[in-house]
Amino acid sequence: MAKITKVLIANRGEIALRIIRTLNNLGIASVAVYHALDADAPYAEAAGEAVELVGDTPVGAYLQGERILDVARQTGADAIHPGYGFLSENAAFAEAVEKAGLIFIGPRAKTIRLMGDKITARTFAAENGFPLAPSATLEDDRTAFLKATEEIGFPLLIKASAGGGGKGMQIVEKAGELEAKVALAASEAERAFGSSTLYAEKLVETPRHIEVQVLGDGKGEAIHLGERECSIQRRFQKIIEEAPAPALPDETRNAIHETAVKIAKAAKYRGAGTVEFILGGDGEFYFLEMNTRLQVEHPVTEMITGVDLVAEQVSIAETGVLNHAQDDITFEGHAIEARLYAEDADNGFLPVTGPLLVFEEPEGPGVRFDGGVREGTEVSAAFDPMLAKLIVYGADREAALKRLVSALEGTVCLGVTTNIDFLARVAAHPAFAAGGYNTGFIAAHEGDLKPAPIGEDELDILLTLAALSGKGPIDPPPAAPEPYASIGEWRN
Amino acid sequence: MMNRIFEIDGERYDVSPAVDGEISERGDGAFSFDADNSTHFVWMVRDGDRVFVRLNGRTYQIDEIDPRSMVADGGMAEDTAKAPMPGTVISVEAAPGREVRNGEVLLTIESMKLQTQITAWRDGVVEEIHLAEGDEFDRGAPLVSLKGEED
Amino acid sequence: MERIRSHIDTKGKTFKAYVEHNTQVLSEFHAKQKASRFDRPQRDLDRLAKQNKLFVRDRLNLLLDPGTPFLELSSLAANQAYDGEVPGAAMVNGIGIVSGREVLVMASDSSVKGGALYPLSVTKSVRALDIAIENRLPVVHLTDSAGAFLPMQAEIFPDKYDGGRVFRNQAILSKMGVPQVAVVLGHGTAGGAYIPALSDYAVIVRGAGGIFLGGPPLVKAATGEDVTADELGGCDVHTQISGTADYPAESEADGIRQAREIVALFPKPEKSVIDWEEPEEPFYDPSELYGIIPDDIKKQFDMREVIARMVDGSRFHEYQPAYGATLVCGYARIWGYKVGILGNNGVLFNDSAKKAAHFMQLCDRDRVPLVFLQNITGFMIGKDYEREGITKDGAKMIMVQAGVDVPKFTVLVNGSFGAGNYGMAGRAWDPRFLFTWPNSQISVMGAEQAAKTLTMLKVAQLAKQGKQLGKEEIAAIQTPIFEEYSRQSSAYYATSELWDDGIIDPVDTRNALGISISASLNAPIKRQPGGIMRF
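Chains as they are written, first to last, in this note's numbering: chain L, 5 to 496; chain U, 3 to 153; chain V, 3 to 537.
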């Protein structure tokens with residue numbers, strides 16, 4: 005296989021920067037693409053070269069496969085790393101890249117197609133005897149679908165087959181609601197993904213979301229690099245992840261690892277991927293889906309295994325061979341990642357926009373900060389509101405938790421509302437510390453996770469600081485001269 | 003002596019303009035704050051009339067409210083705009099009942115070959131437009147009234 | 003400078019007796035002052051409320067910077083006049099800080115007779131503006147006056163220092179470049195209309211303020227015209243049409259706020275610089291003054307003990323300590339300012355008069371303000387002293403005192419009788435500020451002495467006519483004279499007539515002087531060159 009000397013990163017923000025960092029370590033040149041809004045972004049500056057993309061929308065700019073391929077050719081890049089999101093799971097793009105004679109740092113288009121469609125993925129899993137939550141698929145025959153879903157039992161979850169990110173999802177508590185909710189989900193899915201194909205599966209009440217990082221050589225060999233717990237979620241999106249998963253019996257852990265490896269092998273998976281499971285309170289686990297790309301939360305795996313996953317991706321793309329055997333992978337310590345979002349956690353987690361006037365990254369032993377923004381960045385509604393990932397490592401979970409709390413305290417973001425304080429409250433919550441929590445955590449502890457009322461002393465300080473911060477509309481009077489200032493409030 | 007008004011989490015607070023305490027900048031948004039007999043290390047930045055503070059591991063947003071926007075002196079605020087000089091009404095942009103923003107154009111008048119836009123002097127609701135397009139008026143004639151502000 | 007070593011036995015009988023006496027004196031003073039400031043007939047307070055007007059002291063609170071002092075002047079003016087119905091002469095004047103600036107505030111007290119101007123009100127106003135002129139203090143007028151009290155117009159209108167002098171002083175201030183701002187909170191009729199007109203800046207409150215040379219009744223009587231106060235001279239007339247006032251205000255609070263902004267933009271003062279160091283609290287507790295001031299005007303005390311409880315660190319550098327013992331003088335600091343203090347420890351003799359003259363020359367040459375602490379019954383009389391030239395030496399003291407260029411500050415600590423008052427910079431000698439203690443007395447001679455003398459004369463006169471008077475008859479003549487003298491020499495009578503700038507609690511003297519000195523430095527200190535004459 006050809007050696008990779010220059011990689012174009014078809015992505016932006018923190019992941020683009022993180023990929024460039026590894027490329028620099030490997031002595032590989034990097035090419036970044038950016039929309040005008042990202043012209044000053046850290047990743048665009050860090051790359052060896054940067055080329056501007058123009059699109060109908062900022063997000064759209066990064067989805068132009070043809071244009072990006074052009075840039076790769078023009079800059080002489082021999083490989084493209086798609087990061088996560090955007091084109092990373094776009095089979096057509098992967099194909100185009102390979103057709104163009106460049107290396108797509110990721111799985112084959114075939115695998116992307118297989119795992120990208122929820123239904124084909126589930127069918128594949130079912131055929132190979134992997135555990136699945138009972139489900140049914142709606143294609144045309146709505147009546148048959150409705151009947152099949154009744155057999156699943158309630159409550160159940162309706163999902164868009166072509167979708168993700170929580171869109172086109174409906175929870176159905178009882179039979180009476182089914183028809184209406186199916187219709188709703190179908191129309192949402194049609195609008196968001198262009199396909200009204202749905203499937204329904206049993207809703208495992210407040211499951212734990214456990215996923216396994218795998219590496220495959222594309223020829224049927226695969227290894228796992230341990231599991232990650234991703235159950236702290238809001239709006240069906242992960243915000244805190246950790247590795248290894250706490251409060252997990254070894255038997256279950258091992259079974260999950262084994263299943264993941266088997267799935268990767270069966271798919272002849274090439275590169276880095278993640279197999280996602282849901283774990284019920286009864287200890288049963290079911291295959292949920294496989295993500296054929298690097299995940300946002302991959303750093304926690306890197307911290308406890310010492311393996312650079314991006315380097316592995318590049319290596320596998322180059323050589324087609326795994327660098328490690330399963331026995332080579334050792335697990336030490338504990339890592340936790342917290343995602344920093346520009347959102348109002350006290351107000352339905354609604355995304356916000358604004359300038360990052362003050363941005364201080366936490367530092368220290370066992371602290372890794374993957375940020376895609378810097379002080380002065382204007383957080384706009386154009387892109388995903390994730391600003392950065394804070395990852396901490398400790399010799400054990402307790403140590404990691406302590407580090408998380410102090411690193412969050414040391415993270416300062418002023419100018420736009422972020423979820424830093426919320427993350428700190430989660431990190432400090434006894435139920436989090438206990439482990440064994442599930443995806444219902446945030447909802448279950450909603451009350452506890454609300455910010456405490458501001459104390460009187462704090463209030464005094466805040467008001468004084470606000471007054472000292474600058475002149476208001478009516479500027480304050482100058483200080484009284486002496487001796488008046490020293491005499492103070494006196495009357496004769 | 004007008005107090006300053008700050009709003010935190012939807013609550014408004016009056017603050018005397020003469021404050022006790024000193025801040026000294028330690029660089030790039032970091033300050034040490036001395037008050038009474040304690041020193042605090044805080045992060046703070048002000049953007050217009052909005053102040054962001056990180057104190058004791060918690061982030062706050064404080065807005066300064068213009069005290070003049072809160073003047074409610076028994077309806078002494080002027081509710082009617084009067085013509086500054088004689089002229090003619092060129093066009094009427096607002097209608098009674100319409101909610102208007104501070105600065106929004108209500109009507110346009112012409113005088114001595116110069117056109118002037120009469121704009122809303124505060125957020126409010128139009129009570130009445132006293133003249134119609136084409137009407138002539140003298141100096142001091144009432145042009146448009148906003149509904150009186152409630153306490 | 004070295005600290006005074008006190009010789010007061012604070013546990014002794016005398017001290018305790020004096021404390022008891024003075025506690026009584028002070029509580030009487032505070033009660034009188036409180037009543038004068040706050041006791042008002044309910045109907046007057048109701049009227050204010052109906053007119054939507056704030057009480058004058060509430061207006062002051064809105065005007066002055068929070069956390070700053072206010073030195074009120076002549077709070078008990080007119081307390082013995084007009085049957086006591088015009089407390090404070092219907093106005094509150096004082097020195098305070100507005101928007102970080104030292105200003106003189108003159109505020110009508112419309113809770114007293116609608117703020118009407120009585121003869122003593124005019125005296126108080128003229129005095130305040132004289133202070134503004136002498137010390138170059140900007141003035142803030144809070145006007146809300148019903149106008150002159152016409153039944154007494156002969157004492158209000160025509161004379162040199164009557165009503166016209168108020169406006170003349172305003173004009174002179176303007177010529178001198180000292181800014182003035184007026185907030186018209188009520189009707190300013192006739193004379194009152196000139197206050198805002200002669201001020202550099204005028205704010206007028208809509209609906210309440212009015213400026214007109216003749217009010218509606220007078221206009222109706224003179225021309226038959228029917229017009230409301232607002233139509234005649236209200237806010238809109240003067241801020242939109244006539245240009246007599248500059249800023250319309252929606253309310254009193256708004257008007258006062260605007261005045262504060264205006265003051266913030268006054269040109270910055272260029273204050274005279276004198277020797278100043280970081281202030282120090284007096285070492286001895288000022289409240290010990292209550293045990294030092296005797297319970298009888300005839301009893302002596304050491305003025306050094308008073309000084310010790312007034313100056314920074316109780317430190318005093320005494321000048322000529324062994325000469326002229328009845329006059330104590332030396333350097334000290336008050337709120338950091340170096341001052342030259344002169345205090346009486348008995349009658350003035352030749353040597354004490356000459357010592358005073360010499361010391362005052364030193365202070366004048368070196369730009370050291372002078373503080374006079376009066377407790378004086380007069381110059382020594384008698385044959386020997388006349389031969390030595392006591393009158394001549396008194397004249398030296400007076401000549402030097404009158405001629406100094408440095409600011410002078412006088413406090414009537416106890417007695418202030420006869421020519422001693424003159425030598426020690428009494429009212430006629432233009433100290434920038436003159437304060438009195440509630441126990442103080444002022445007259446040409448002591449009441450007892452005066453009563454005795456006058457009675458003696460009467461008795462002698464009647465004896466010539468062949469009448470002989472018995473003890474009781476003599477007493478019947480003497481007692482009324484004594485009482486009348488006592489009444490007219492009391493601190494309350496003096497302050498009522500505005501012979502001073504206010505009675506103050508002895509423990510407040512340090513603050514009052516500190517503020518006074520600071521205020522005085524707004525005016526330049528010109529210095530005539532000349533050497534020191536050792537008389």
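These are computed hints drawn from the structure, not numbers from a lab.
Since we're looking at a predicted model, the values are computed, not measured.
Keep in mind that the hints are not guaranteed to be accurate.
[To be verified] Restricting the straight-line Cα-Cα distance to at most 27 Å, the calculated cross-link-like pairs of lysine-lysine (DSSO-like) are: (1) 52/V <-> 273/V; (2) 528/V <-> 475/L; (3) 460/V <-> 473/V; (4) 151/L <-> 185/L; (5) 454/L <-> 223/L; (6) 149/U <-> 52/V.
A quick look at each hint next to the structure:
The suggested pairing of residue 52/V with residue 273/V is violated, with an alpha-carbon distance near 44 Å, which exceeds 27 Å. Between residue 528/V and residue 475/L the alpha-carbon distance is near 40 Å, which puts this suggested pair outside the 27 Å criterion. Distance hint between residue 460/V and residue 473/V is fulfilled; the C-alpha atoms sit about 14 Å from each other, no more than 27 Å. For the given pair, residue 151/L sits about 14 Å from residue 185/L by alpha-carbon distance, which is consistent with the 27 Å threshold.
Between residue 454/L and residue 223/L the alpha-carbon distance is near 50 Å, which puts this suggested pair outside the 27 Å criterion. Distance hint between residue 149/U and residue 52/V is fulfilled; the C-alpha atoms sit about 26 Å from each other, no more than 27 Å.
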